[in-house]
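Chemist: Position in the sequence shown (first residue = 1) + 16 = the working numbering.
Heads up, a few of these hints could be off.
[Unchecked claim] Between beta-carbon pairs, the in silico distance windows are:
#1 R126 / V63: 18 to 26 Å
#2 L18 / V92: 34 to 42 Å
#3 S148 / D52: 36 to 44 Å
By construction, these hints were calculated from the structure, which means they are not laboratory data.
Backbone N, C-alpha and C fix where the C-beta goes; we use that ideal spot for every residue, glycine too.
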Amino acid sequence: MLAGMVATRAMDLAMARLPEGETPPRVASGVLTGRDPAVAPARLAAVVHHVAGSLTGGLFVTLLLFAEALLGVSPVAHAAAVVALYGLMVGFFALVPLPRADLPRERVRRVVRDWAVVAAVYLAVLVGVTWSTTRLLVG
């Protein structure tokens, strides 16, 4: 989960640079409170975003363990876990909370595109942190 926290902080940096980068946490906050994302509570958005990012780090490790059980400990297992988690991250957001936000279709496309970019940043950092930590601990 620590790796997830680090990756979430990196994700924050990427989100701040994209036009719709900060919209996904607001969408989540809006869905939870029944408000439009534009007026959804910013603090709740930040908390939900960081908790979800931390927990997603644990989900990655779980997916990686399953992949290693099937494919052996290898870069292929890492890649399989990354692809699975990327699909879950982007797919879940695009199919569950985002449609409930009732945003215009054109904006939805931009939000999904920016979410896909920040999800890739998150995973790149997450893989780097977990890979290097594993190498330090295992040798």
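Chemist: State for each hint whether it applies.
Modeler: Hint-by-hint comparison with the structure:
1. R126 / V63: 18 to 26 Å: Taking Cβ atoms as reference, R126 and V63 lie about 25 Å apart, which means the hint holds.
2. L18 / V92: 34 to 42 Å: violated, 25 Å
3. S148 / D52: 36 to 44 Å: Because 41 Å falls inside the window, the suggested range holds.
The earlier numbered hint that this structure contradicts is number 2, and it is the only one.
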